[in-house]
Amino acid sequence: MANEILKEALIAAMDRELKTIPSNITDYHSFSIYFEKKMKHLIKKANIKYININRFKIRRSIAAAS
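For the sequence shown, my numbering begins at 214 and goes up steadily by one.
Hints in this document: simulated from the structure, not taken from any laboratory.
Some hints could be false.
Pairs of lysine-lysine residues, derived as PhoX-like cross-links and limited to a Cα-Cα distance of at most 25 Å, are as follows [to be verified]:
1. LYS250 / LYS232
2. LYS220 / LYS258
3. LYS253 / LYS232
4. LYS257 / LYS232
5. LYS220 / LYS257
6. LYS251 / LYS232
Sequences are here, hints too, so could you generate the full structure?
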């Protein structure tokens, strides 16, 4: 449930940023600094181990470290 809440919060807060990710991405995608700070804050608040964004399963520790 925390994963879904976090995903919805990210989509609501960062809708434009998520739309810039191409659907066929295979390489590293660089997010804006504002997006990375917002994601780090939301992941920390949700206290989860993984987050799924656009078919990618990202470990919380990796996302927070970025």
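Each hint tested on the structure:
1. LYS250 / LYS232: holds, 18 Å
2. LYS220 / LYS258: holds, 12 Å
3. LYS253 / LYS232: OK: LYS253 and LYS232 at ~19 Å, within 25 Å.
4. LYS257 / LYS232: holds, 23 Å
5. LYS220 / LYS257: Cα-Cα ~13 Å, so holds.
6. LYS251 / LYS232: Holds, at roughly 16 Å.
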